[in-house]
Amino acid sequence: PVVYLKSGSPTVIYAEGNCLTVQGEGPELVRAVDRFLLKLYNIMI
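Heads up, the sequence shown is in the working numbering, so the first residue is 194 and it goes up one at a time.
Keep in mind the hints are simulated off the structure, nothing from the lab.
From the three backbone atoms N, C-alpha and C, an ideal C-beta is built for every residue, glycine too.
Take these hints with a grain of salt, some might be off.
For each label pair, taking beta carbons as the anchor points, the in silico distance ranges come out as [claimed, not checked]: (1) Pro-194 / Asp-227: 15 to 21 Å; (2) Asn-235 / Ser-202: 24 to 30 Å; (3) Thr-204 / Ile-236: 24 to 30 Å; (4) Gly-210 / Leu-233: 15 to 21 Å; (5) Asp-227 / Ser-202: 15 to 21 Å; (6) Thr-204 / Ile-238: 17 to 23 Å.
Please build the complete structure, drawing on both the sequences and the hints.
What follows is the structure, given as structure tokens:
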């Protein structure tokens, strides 16, 4: 899969086909990436 980081509103994480998009603006994008990584490593449900 391909992980795509996108600057924009609203802050969301979604999948389309073989791509995973993490979208947000400023600190919200960083927060979304952190949330994605925590879920990826099964630290957060």
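Now the hints, each set against the structure:
no.	hint	verdict
1	Pro-194 / Asp-227: 15 to 21 Å	holds (19 Å)
2	Asn-235 / Ser-202: 24 to 30 Å	holds (29 Å)
3	Thr-204 / Ile-236: 24 to 30 Å	violated (20 Å)
4	Gly-210 / Leu-233: 15 to 21 Å	holds (18 Å)
5	Asp-227 / Ser-202: 15 to 21 Å	holds (18 Å)
6	Thr-204 / Ile-238: 17 to 23 Å	holds (19 Å)
Hint check: a violation occurs at hint 3 only; the rest are consistent with the structure.
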